[in-house]
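Chains as they are written, first to last, in numbering that gives the first Met the number 0: chain A, 0 to 372; chain B, 0 to 259; chain C, 0 to 419; chain D, 0 to 307.
It should be emphasised that the hints constitute simulated quantities derived from the structure, not laboratory data. For glycine and all other residues, C-beta sits at the position ideal for the given N, C-alpha and C. Misleading hints may appear alongside valid ones.
Pair ranges (Cβ atoms, derived) [claimed, not checked]:
(1) Ser-307/C x Phe-13/D: 51 to 57 Å
(2) Asp-396/C x Arg-113/A: 54 to 60 Å
(3) Lys-90/B x His-215/A: 27 to 33 Å
(4) Asp-107/B x Arg-193/D: 19 to 25 Å
(5) Glu-311/C x Leu-80/D: 45 to 51 Å
(6) Lys-132/B x Arg-187/D: 30 to 36 Å
Here are the simulated BS3-like pairs of lysine-lysine, each with C-alpha atoms no more than 30 Å apart in a straight line [said to hold, decoys possible]:
(7) Lys-307/A x Lys-97/C
(8) Lys-186/C x Lys-122/C
(9) Lys-314/C x Lys-377/C
(10) Lys-321/C x Lys-400/C
(11) Lys-247/B x Lys-205/B
(12) Lys-122/C x Lys-35/A
(13) Lys-151/B x Lys-5/A
(14) Lys-106/D x Lys-228/A
(15) Lys-189/C x Lys-122/C
(16) Lys-400/C x Lys-210/C
(17) Lys-121/B x Lys-228/A
(18) Lys-228/A x Lys-33/B
(19) Lys-5/A x Lys-132/B
(20) Lys-90/B x Lys-228/A
(21) Lys-370/C x Lys-79/C
(22) Lys-68/B x Lys-106/D
(23) Lys-228/A x Lys-205/B
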Amino acid sequence: MILSRKELLGLTILATLILVILPLSLDIFRLNLVGKYLTYAFVALGLVLCWGYGGILSLGQGIFFGLGGYCMAMFLKLEASSVENTKIQSTPGIPDFMDWNQITALPWFWEPFRSLPLTLILVILVPVALAFILGFAMFTRRVGGTYFAIITQAVAAILTILIVGQQGYTGGINGITDLRTLLGWDIRTDNAKLILYFVNGLLLIGCLLLAFFVKHSKFGRILVAMRDKEDRVRFSGYNVSNFKIFVFCLAAAISGIGGAMFALQVGFMSPSFVGIVPSIEMVIYTAVGGRLSILGAVYGTLLVNWAKTSFSETFPELWLLGLGGLFIAVVLAFPNGLAGIYGSYIEPAIKRFLRKKSDLMPSGTLPQGSPAE
Amino acid sequence: MNPPVTNAGIISDQMAPDFLLTVEGLTVSFDGFKAVNDLSLYVDEREIRVIVGPNGAGKTTVLDLICGKTRATSGSIKFRGQELTRMNESKIVQAGIGRKFQTPSIYDDLTVFENLEISYPKGRSVFGALAFKRDAVVRDRVFEVAEMIFLKDRLNERAEFLSHGQKQWLEIGMLLIQDPDLLMLDEPVAGMSVSERKKTAELLNKIIANRSIIVIEHDMKFVEDIAHRVTVLHQGKVLSEGSMDHVKHDPKVVEVYLGH
Amino acid sequence: MADETERGLESSLRRKLLMGMAAIPAIALMPKFALGAGPATAEVNTTGLAVTDDEVTVGILHSITGTMAISETGSVQAEKLAIEQINAAGGVLGRKIKFIQEDGASDWPTFAEKAKKLLVNDKCASVMGCWTSASRKAVLPVFEQYNGMLYYPTFYEGLEQSKNVIYTGQEATQQIIAGLDWVNKEKSAKTFYLLGSDYIWPRTSNKIARKHIENHLEGGEVVGEEYFPLGHTQFNSVINKIKLKKPDVIYAIIVGGSNVAFYKQLKAAGIDMSKQTLLTISVTEDEIDGIGGDNIAGAYACMKYFQSLDNENNKEFVTEFKKMWGEKTVIGDVTQAAYLGPFLWKLAVEKAGSFDVDKVAAASPGIEFTKAPEGYVKIHENHHLWSKTRVGLAQADGQYKVVFETADLVEPDPFPEGYQ
Amino acid sequence: MFADYSMAELGSIFVMQGFAGLILFSVFLLMALGLAIIFGQMGVINMAHGEFMILGAYVTYFTSQLFLNYIPSLFSIYFFLAMILAFIASGALGMFVEWAMIRHLYKRPLDTLLATWGLSLILQQLYRSFFGAREVGVELPEWMMGSIPLTDTVEVQINGLFVMGLTLAITIAVAVLMYKSSWGKQVRAVVQNRVMAGAVGINTERVDRYTFALGCGIAGVAGSAFTMIGSTGPTAGQLYIVDTFLVVVFGGAASLLGTIASAFTISQAQSTMEFFLSGSMAKVITLLGVVGILMLRPQGLFTLKVRR
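Chain A on its own, in the form it takes in the complex (with noise of 0.2 Å):
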């Protein structure tokens, strides 16, 4: 029982606008772009999970976001610096900008990302970590709440400054650009892209059911329980900080897959997603699908770029009035965001719109909607 039937509903909704409307419906830059802002929509599901479900907000999601992505681009920057494309580099093979930085071997922790695998591992495997030391850290002290949204800021901060610094390593502010090939398929290409996309798309819903997995377990309820009465969980035989540690580096995980998607998408990957500022706009795509809405974040994420893009395109200088009243109207009017918004108002409407069919069809049975959450 991994859905019930109002979300397998919605799901169906989702997948068919991912992968059948909006490929039909765009031409190939604007499905690129949808593409990109899915990717987004991988860390606001785990927002969704630690945030909405867990309790716990963290102001650095963008930083496993990016830790997913660099391990990506580093794979495939070291793809696009074969000794034949980088010949007239002082030291052929290694990436461009370590040339430029005189560094003449490739650093060790740079080894790993010639094997597909390993990367593919390392893309989830390396934000986990980091979640689980920063998770482990706190939640075993029991920091929780706004001490944690503040360190997981500053944490934000230091990689960032630290990556811009170290640049002969990490491609510094300019992050690692011109990324190429994928094994030797040329991610550039439009016809690439499309393929891309779909992956992308079919990552993002395969996402959708584990957290659809997660949120019908035990485990799910234990974290509403917790988010409710922390004690009580605790007092009841459970560990509380396992929990917490174990659904940050889930979210974390997710996050990792999308940045991962992103590098590959974009074709690049900068310092400008691990800092504070991406990190917290992730957060109100979380906020306005709705933060205990799993499908939420995907049309949180969607409609928040498209706003973005759209509002911008025409009027730049209104953008950050837009986007700052969009904050502060998601929390004072509208907690629960899109979803609340359906819950309340559209759901009902369709309802009765139903009832009415099936009052003119006595046979037709109507799906039993269970209460909103």
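Here the structure of chain A is known, so what remains is to put chains B, C and D in place on it, guided by the hints.
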């Protein structure tokens, strides 16, 4: 009746096996203020012990210390010979101690069934919880407990819609489903009607068959109904201990409750 | 291999270009009513760019929001002025320039996204844009993949050369070496303390500076080198270190908000710039606006352009700029370089006789622009500009007084031998 | 690295380095005081703290322009008026924000974080629309710039002294207000038990509003003072936010003494390391140290052990 308390350290070694719970020399201080001061307490198997005392006597703190919510400054707490002062909370629960909080502490967003199910002692690890299946055994046990706590026909309601008394029962039920050897209840009948109190007393007397219970309570009528023995705390120390009758007539107790 | 085909292409083009060049005066002489009666669109636009019979679309891509908006505002203003002037003079190949402006929002992926939009959706014939290296690096693959044309205005660290980019600012050696030579000769400076914000441009520039100081200046020595995170605001400790080391020159490449903090604290710490030489390559007139002229007066800056430059071109440019954007606006080095972009593109298009990006790119080397406010510039084979290096002395009113300029144009060398 | 210098030189450098550390301490403390009140006493995470500071800076800029254009004879003392105006402006804005936004969110501390972040974006854009994207240069009276030479080699920055004096004054004022005045008692009563405080007749709404306004007002004064050492632009406020929060959290949110101790520790660590390492590494190590210590001792440097 009182166990010898003159030299607790030496005697406890011999006495420990006889008591379910042995608390000796327990002290905790908050910023210099000793909320519990050199307290000793012995609870038998299948005993209902009621702790009474004025506000600030340290009653709730004693329960906090036993279940690990607060760490003792010094002293020892032994449960079936196991030292609890160094164990973490979940391990203490797993050792067989259940604790109800002063205000009913239940999960408002979940149904009564899910409230009980969460407390069911299986799938307590992270991966256990992910793999946990709601099978017939679990279901039967939830039904069984729900019947005991008078909530059988409200299983699918969200807990937030229960009355105050029902929430108290639900929390007791959440402890019962763990089948603990020692049950600690902080004001279990607060906010209950007279008939609910009677039912609660019956419930406690029924479940005592294979466990002990420590109750903190102010309602003297209820205390008389259930208590095997009563401990009176005052300023973090045991003021008096014994049967209800004994305690009621202890001049020290009368002094504390009535005069200054 | 790629080189050969390019060369082949070039030589065949060159012949065409010569013919095209002959046509330029004719176009220039055409009276205004003939606008739109330029060469047929099908001829000048074979790759489906947004060119109609009387209009051609270009893109402007800078940050209007976010932390970089401070710096990029001037570039946008200059580009709009240039476009207006070109249109007033009859446009390009008889077509008026229409521009589409996009906001990079100080965010590199957004730059890439918008660049792609300008090229793929809007089919812009060229794009004036970017400011930071990071944004240029982000859009570069986009321009190469979709074969666009970018005019990039900022002085930068070099180490790059692309068929699809014309770099109208200086690469690092053009900005650094002449200045160091000057300060070495004029101020007998031997010891240098290098400072910078912690990212690629200051680090690369300081690397070149260090090599030059150590290998080419007599007795030259670097006594300290330090970097601060972007946005750092506390410089008292490093100022103490400088006092301890007593270098002949403080060589500072600090950017953004840190700049303001640095110079204010330097002044407050009693470092008198009339006695302590300070040479910077990151403070233009734009930055002085925020720092306050009082706080930086006496410092030297090494640029290719200063607003106070005394020549006819510049006087006209400054007047026009202020007429369009207000009397209080100031013009810095990058703003002037941004102003060159549309003109260099126009000249290349007219030389090529076509808007096609390949032809424009091929026609660009050798293009000369005599009306440049900085004097005279020429596009090098490597798509950078030949230009002079100048040293300015900061005045209390926020302007620089030019105290030195190289006699000849300095050759751009984005991959300098011996400096890497 | 010291081998080449004489004892006298070294001595004066250490004096000046100590002074630099004290300036940094004052700057940190001044940044953090307002936030310590808002976050420590009210539990509100004000992400727009930096923007309140910048408002103070812009007010200072305007006052300076006003004096320059209309009463240049009094320019040398405009700064004092500017600071008062900055306090009033930021305080008034704070009061409005509390009324419009914060008061609805006291039970949801994490949501105040999101809402105030939104506020900070809006303020940034408003600054940009009104004052332009570029930084403005705040002109200072001549006497405030430069330094006083104590010996040949030791010089004391006047603006550093000014910031130190100001910080001292504000800290004492806040301490008196919070711990000696009846209003301070009310604030602390509300912090400890809102319901009970309301029940005994304290107007909790009013206390909340004035506390928030006070914190914002102090931020405004800090911003005004920072025009002497930093930049004034729409996004300059963001430069301060991480440092400020870390100082407050590291001190143990609820205690003024903790905030002072924490500002002192962090500033001394950073200032010393900046002297021996490069600026970037010093910053990273300082931040790492703070985060590391917070992991070991999450309650911060100074807190009371209480029954939770």
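* Index of numbered hints that the structure contradicts, given in increasing order -> 1, 6, 8 and 15
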